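If you want the building blocks of each chain, they are given just below.
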Amino acid sequence: MEITWQTIAFFAFAVMTLGGGLMVVISRNLWHSALFLMLSLFGTSGLFVLLVAPFLAAVQVLVYIGAIAILVLFAIMLTRRMMGLEETQNTQWPAAAAVAVLLFIILVITLSPLVDEKAVTDIFGDKVANLNAHLPVDPDAKGSGVVANDDLKIVTVEKIGEALVTRDGFVLPFELASILLTAALIGAIVVAREDEA
Amino acid sequence: MDVNWLNANYLPWLIPVPPLISFMLIILFTGRNKFLSHSIAVGSVVLSFLLAFGEFLKTTGTKEFGPNAFGDSIKWMDVGLGEFRMGVLVDPLTAVMLFMVPIAMLMIFVYSMGYMGAYPDDDPHKIRYSRFFAYLSLFAGGMLTLVVADNLLLLFMGWEIMGLCSYLLIGFLFEKKSAQQAAVKAFMTTRVADVLMLVGIGYLYAEAGTLSFRDILYNETMLERLGNSDLTGYLGLSAASIIGILLVIGTIGKSAQFPLHAWLPDAMEGPTPVSAMIHAAAMVSAGVYAVIRMFPLLEAGGNPHTGDYTAPLILMGVIGSVTALGAAILGVGQNDIKRVLAYSTISQLGFMVAALGIGAYVAAAFHLITHAFFKALLFMSSGSVIHAMEHGEHALEHGHGEHGHDEHHADEHAHAHDEHGHGHSSYTWDDLNHAIAHGIEAGHLQPGEVTPYGADYVGPNGELPDDAEWKPSVPQGLKPDFVARPNNIMLMGGLINKIPVTAYAMLAGAFSLAGFPLITAGFWSKDEIIADAMTFLTNSGQFEGHSPWLHILVFFSLIIAATFTAFYTMRMWFLTFLGKPRSAIAEHATLMNHVDPEELSKAQTPLKKFWLQYSNSALMQGPLVILAFFAITAGFVGIHEDFTILHYLTGSHNFFHEFVGPSLLHEPEKVPFKIWPVLMSLLAFGLGAGAAYLVYGVPKDSYEKDPVQKTVGDPVWQALKNRFGFDTFYLTVLYQPFELFARKGSYQAIDKDTIDGILETIAVIFNNLGEGIKRFNHVIIDGVGDGIPQLIGLGGRWFRNIQSGRVQQYLLFTAVMLLAIGLFFVLRVL
Amino acid sequence: MVPLYFYLVVSAGLFAIGAYGALARRNAIAIVMSVELMLNAANINLVAFWRYLNPFEINGQIFAAFVFIVAAAEAAVGLALIISIYRNRQTVIVEDVNMLKW
Numbered sequence: 001m002e003i004t005w006q007t008i009a010f011f012a013f014a015v016m017t018l019g020g021g022l023m024v025v026i027s028r029n030l031w032h033s034a035l036f037l038m039l040s041l042f043g044t045s046g047l048f049v050l051l052v053a054p055f056l057a058a059v060q061v062l063v064y065i066g067a068i069a070i071l072v073l074f075a076i077m078l079t080r081r082m083m084g085l086e087e088t089q090n091t092q093w094p095a096a097a098a099v100a101v102l103l104f105i106i107l108v109i110t111l112s113p114l115v116d117e118k119a120v121t122d123i124f125g126d127k128v129a130n131l132n133a134h135l136p137v138d139p140d141a142k143g144s145g146v147v148a149n150d151d152l153k154i155v156t157v158e159k160i161g162e163a164l165v166t167r168d169g170f171v172l173p174f175e176l177a178s179i180l181l182t183a184a185l186i187g188a189i190v191v192a193r194e195d196e197a
Numbered sequence: 001m002d003v004n005w006l007n008a009n010y011l012p013w014l015i016p017v018p019p020l021i022s023f024m025l026i027i028l029f030t031g032r033n034k035f036l037s038h039s040i041a042v043g044s045v046v047l048s049f050l051l052a053f054g055e056f057l058k059t060t061g062t063k064e065f066g067p068n069a070f071g072d073s074i075k076w077m078d079v080g081l082g083e084f085r086m087g088v089l090v091d092p093l094t095a096v097m098l099f100m101v102p103i104a105m106l107m108i109f110v111y112s113m114g115y116m117g118a119y120p121d122d123d124p125h126k127i128r129y130s131r132f133f134a135y136l137s138l139f140a141g142g143m144l145t146l147v148v149a150d151n152l153l154l155l156f157m158g159w160e161i162m163g164l165c166s167y168l169l170i171g172f173l174f175e176k177k178s179a180q181q182a183a184v185k186a187f188m189t190t191r192v193a194d195v196l197m198l199v200g201i202g203y204l205y206a207e208a209g210t211l212s213f214r215d216i217l218y219n220e221t222m223l224e225r226l227g228n229s230d231l232t233g234y235l236g237l238s239a240a241s242i243i244g245i246l247l248v249i250g251t252i253g254k255s256a257q258f259p260l261h262a263w264l265p266d267a268m269e270g271p272t273p274v275s276a277m278i279h280a281a282a283m284v285s286a287g288v289y290a291v292i293r294m295f296p297l298l299e300a301g302g303n304p305h306t307g308d309y310t311a312p313l314i315l316m317g318v319i320g321s322v323t324a325l326g327a328a329i330l331g332v333g334q335n336d337i338k339r340v341l342a343y344s345t346i347s348q349l350g351f352m353v354a355a356l357g358i359g360a361y362v363a364a365a366f367h368l369i370t371h372a373f374f375k376a377l378l379f380m381s382s383g384s385v386i387h388a389m390e391h392g393e394h395a396l397e398h399g400h401g402e403h404g405h406d407e408h409h410a411d412e413h414a415h416a417h418d419e420h421g422h423g424h425s426s427y428t429w430d431d432l433n434h435a436i437a438h439g440i441e442a443g444h445l446q447p448g449e450v451t452p453y454g455a456d457y458v459g460p461n462g463e464l465p466d467d468a469e470w471k472p473s474v475p476q477g478l479k480p481d482f483v484a485r486p487n488n489i490m491l492m493g494g495l496i497n498k499i500p501v502t503a504y505a506m507l508a509g510a511f512s513l514a515g516f517p518l519i520t521a522g523f524w525s526k527d528e529i530i531a532d533a534m535t536f537l538t539n540s541g542q543f544e545g546h547s548p549w550l551h552i553l554v555f556f557s558l559i560i561a562a563t564f565t566a567f568y569t570m571r572m573w574f575l576t577f578l579g580k581p582r583s584a585i586a587e588h589a590t591l592m593n594h595v596d597p598e599e600l601s602k603a604q605t606p607l608k609k610f611w612l613q614y615s616n617s618a619l620m621q622g623p624l625v626i627l628a629f630f631a632i633t634a635g636f637v638g639i640h641e642d643f644t645i646l647h648y649l650t651g652s653h654n655f656f657h658e659f660v661g662p663s664l665l666h667e668p669e670k671v672p673f674k675i676w677p678v679l680m681s682l683l684a685f686g687l688g689a690g691a692a693y694l695v696y697g698v699p700k701d702s703y704e705k706d707p708v709q710k711t712v713g714d715p716v717w718q719a720l721k722n723r724f725g726f727d728t729f730y731l732t733v734l735y736q737p738f739e740l741f742a743r744k745g746s747y748q749a750i751d752k753d754t755i756d757g758i759l760e761t762i763a764v765i766f767n768n769l770g771e772g773i774k775r776f777n778h779v780i781i782d783g784v785g786d787g788i789p790q791l792i793g794l795g796g797r798w799f800r801n802i803q804s805g806r807v808q809q810y811l812l813f814t815a816v817m818l819l820a821i822g823l824f825f826v827l828r829v830l
Numbered sequence: 001m002v003p004l005y006f007y008l009v010v011s012a013g014l015f016a017i018g019a020y021g022a023l024a025r026r027n028a029i030a031i032v033m034s035v036e037l038m039l040n041a042a043n044i045n046l047v048a049f050w051r052y053l054n055p056f057e058i059n060g061q062i063f064a065a066f067v068f069i070v071a072a073a074e075a076a077v078g079l080a081l082i083i084s085i086y087r088n089r090q091t092v093i094v095e096d097v098n099m100l101k102w
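Protein chains in written order, with my numbering: chain A, 1 to 197; chain B, 1 to 830; chain C, 1 to 102.
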């Protein structure tokens with residue numbers, strides 16, 4: 001893996017994501033946690049860009065950082081009496097840490113066959129190879145059969161929008177998701193509303 | 001099955017049925033209704049009587065009846081290789097019983113209505129009126145079953161039914177301690193004999209393979225085999241002898257022969273109709289009937305007419321003679337009118353048994369029939385006498401007479417406190433209960449130590465008499481010398497003017513019992529026995545060199561007994577009916593109903609008036625008249641055909657002999673007529689009755705001492721009164737040692753000390769063992785048993801902590817499990 | 001070009017960190033944030049596999065978009081619940097909200 005602007009960007013965003021995530025769970029100040037959460041989410045957004053998913057990256061910034069993180073900040077401020085807690089970790093944190101580490105190790109071990117890039121097609125079968133056979137392959141990928149970024153102009157925001165509202169696409173899940181969101185919003189209001197009585 | 005029930009072969013099945021049904025009906029359904037109950041009972045006996053009489057008429061109309069007896073049987077059960085058949089048999093002997101038994105029973109039933117009905121409503125006689133008729137019905141059913149039975153087992157069943165009924169009826173007034181004990185005494189005494197009889201029946205069945213009368217008694221080869229001591233039996237006795245002895249023992253118990261006679265005088269504790277039932281129609285007759293029935297077996301292997309006596313015959317001859325004579329002598333010393341008759345019964349039964357012992361089969365059967373008639377008559381007469389006396393006592397209580405005026409006439413034992421011991425006392429229930437309550441209050445009595453009516457030791461005011469003994473004791477009513485006032489012939493006298501019908505009926509019975517020559521039944525039947533016994537003189541040729549010792553013994557015993565019989569019978573009658581009343585109660589004796597004069601004046605018709613006044617006396621005295629007729633005439637059928645004058649009258653036939661004789665395989669020879677036996681009978685009656693007339697014929701106004709007592713001296717008289725000490729003997733030699741043994745030996749030494757000791761030791765061992773097991777249980781079993789749940793509980797309590805309510809913890813566990821599963825897959829892949 | 005493996009390791013790391021936070025933090029809001037981290041890890045995974053295995057189909061991105069929607073709904077409801085609990089019990093410490101037990 002040679003050092004390109006792509007790899008540098010990847011590591012930068014990876015460190016931003018993981019470091020921010022780590023700070024979210026270990027920082028004593030909840031306010032800091034929320035800010036680190038924004039950082040982590042921003043890193044994820046960068047990763048999406050690297051993965052040639054500009055729409056998702058934009059949504060990530062808008063929805064997560066713009067909406068969810070702000071919501072969290074509001075929640076923190078609404079419950080700010082709890083912000084000065086000394087003990088932010090509960091008593092089972094060592095076990096939780098062990099579980100997390102073990103989980104990470106297991107996942108890494110599970111993913112280890114994918115270290116060899118060629119193995120990806122071996123593992124996921126002929127479908128991938130056949131699908132991409134007629135396409136130019138990324139020369140950096142060293143025979144992994146991965147399509148180069150330049151050839152991926154086809155997945156545009158228009159296409160996504162089209163897919164979400166056509167019958168052949170995802171209109172039903174889309175509508176269901178709309179209902180889910182509406183219900184969640186109404187529910188959130190009902191639950192969080194102060195009793196007038 | 002199409003059966004013509006009126007066929008003479010099947011008819012006997014029906015004869016015992018109506019009373020048994022009546023018993024069930026009364027016990028189960030109609031007990032509350034006295035009128036319905038006695039109607040059913042009397043109706044059932046009338047039905048039985050009609051059936052039996054029809055059967056009897058058929059038998060008399062049958063020629064060659066003996067060998068061709070009526071009968072029928074059904075298979076009862078399979079036994080081994082063969083089968084046991086139950087059935088009925090009517091042979092000549094049965095036929096005459098079927099003539100006598102239902103008539104006597106019918107009279108007793110009718111009489112019972114009057115006797116029991118005459119009591120006041122709160123008297124136990126009247127309270128259990130229906131039950132009385134139920135028992136009587138069962139009694140009658142048992143007796144008729146016994147009579148028609150064609151085998152020993154069915155006979156034994158009827159026999160035992162009567163045993164039960166006698167127990168129930170003697171103890172009918174069970175509030176009286178004396179009645180309770182008399183019932184138990186009767187039951188236990190006959191039980192001793194019955195067990196041995198049952199052994200005999202069992203042995204007979206084992207030897208003969210059948211119990212049917214015809215198969216055994218009408219079967220020459222069978223009788224020869226059983227009677228041959230070389231082929232059967234033990235100890236030199238043939239099987240027939242051993243069986244015979246056992247059967248005779250059964251009869252000794254049932255017919256109250258020496259030495260098992262002691263129960264019968266005490267059986268007088270029952271109401272008087274019961275006494276008549278037991279002594280005349282059933283029970284004791286059944287005992288004699290059984291031996292008469294089994295006579296061919298008893299004489300098997302010998303021939304009493306030639307002086308070749310078998311063991312059972314010797315037993316019967318000796319026992320019968322001793323009983324007849326002993327009881328006749330005892331009869332002289334009794335002042336209780338019913339006890340006189342009780343001893344006469346024992347004595348007369350002794351006559352029959354002794355007669356059978358010397359082979360006088362027909363004579364015994366003849367005497368059984370005549371005796372039943374005149375004894376039923378006598379008992380029922382005595383019952384009406386007692387009733388009249390009680391009426392007098394009752395009248396005294398209500399102020400008609402000067403109480404205590406004649407107190408000095410009272411028998412020396414009839415003290416005031418004795419009255420409460422006896423059912424014929426005039427005190428009411430309330431009086432007694434009051435007296436007892438008083439006694440308890442005064443501290444003389446412990447509550448529960450006396451039964452209400454058995455307050456034998458309580459005086460009128462509740463005090464204890466000086467000689468009170470608490471235990472073990474003989475109830476006052478059973479003490480040999482105790483006589484209740486209404487029963488005491490010394491307190492009677494002059495009753496012929498009060499109850500003339502009873503007096504003349506009783507005279508007929510008394511003459512019959514005493515053997516008044518020529519016109520009474522008792523004379524002819526007794527004469528026949530005497531004639532049979534006298535053959536050792538009149539017809540000594542028949543003995544063929546054997547010694548006729550048993551005949552001699554029987555003859556002398558019986559002729560002396562007959563003399564005594566005449567004496568005490570006439571003594572009783574004279575004292576009861578002649579002279580002047582010797583007490584206030586006798587003066588007021590009457591059988592008329594207690595009638596309210598107002599009610600009497602309301603009566604419309606003369607008939608109704610009569611019934612109101614005389615219903616009880618009619619019901620009581622009507623049967624007496626009928627029985628008096630039979631007591632006189634029943635003898636005419638058995639007059640010897642060669643009897644000098646009367647054989648013209650009878651057409652030179654001894655009907656009874658010719659009829660009953662063929663019951664046996666070999667018809668017994670008629671005893672050739674000789675004048676000597678008749679003269680001996682005349683002599684016996686003359687001596688006895690004459691002496692009685694001389695001594696008692698004109699009764700004095702009062703007796704300081706019985707004239708006989710003066711003659712024979714106090715010790716002998718006292719011995720008579722004490723029944724020769726038999727009862728005391730039984731009490732001291734049999735009862736008390738057994739009780740002592742039971743108390744000290746069985747109970748204390750064996751049961752308490754030994755058995756309980758062993759048991760206690762075992763108990764201690766087991767207790768300790770149990771203690772050990774308990775420890776083991778506690779430590780090991782409970783330890784393990786409790787430990788496991790404790791562990792589980794502990795685990796549960798520990799495990800419960802898992803469920804802390806903290807969602808993060810749950811999530812951790814979930815994660816751990818997922819990791820474990822993931823690890824598993826990862827390791828597999830690797 | 002960065003191999004797929006790297007994205008997946010980053011995703012796994014982020015998921016492990018989120019899991020740790022969800023298991024170990026006391027503050028309910030912190031837990032909600034940890035859950036958001038885990039959802040992001042899943043999203044990275046989804047998008048990475050789309051990019052490397054089936055880039056010409058639109059499914060992968062749509063799927064990720066739905067995850068956003070669900071995450072938004074979850075955050076909204078979750079935070080509303082937290083505020084409600086806080087209002088009732090004056091706490092957002094999950095250990096204090098332990099009524100869900102025996």
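Take these hints with a grain of salt, some might be off.
Sample of chain A residues facing chain B (criterion: CB under 7 Å; computed from the structure) [claimed, not checked]:
#1 91
#2 92
#3 102
#4 106
#5 111
#6 115
Derived by calculation from the structure, the hints in this document are not laboratory data. Keep in mind that this is a model prediction, so the values were computed, not measured. From the three backbone atoms N, C-alpha and C, an ideal C-beta is built for every residue, glycine too.
Tested hints:
| no. | hint | in the structure |
| --- | --- | --- |
| 1 | 91 | violated, 9 Å |
| 2 | 92 | holds, 6 Å |
| 3 | 102 | holds, 6 Å |
| 4 | 106 | holds, 5 Å |
| 5 | 111 | violated, 11 Å |
| 6 | 115 | violated, 14 Å |
Of the numbered hints stated above, those contradicted by the structure are hints 1, 5, 6, listed in ascending order.
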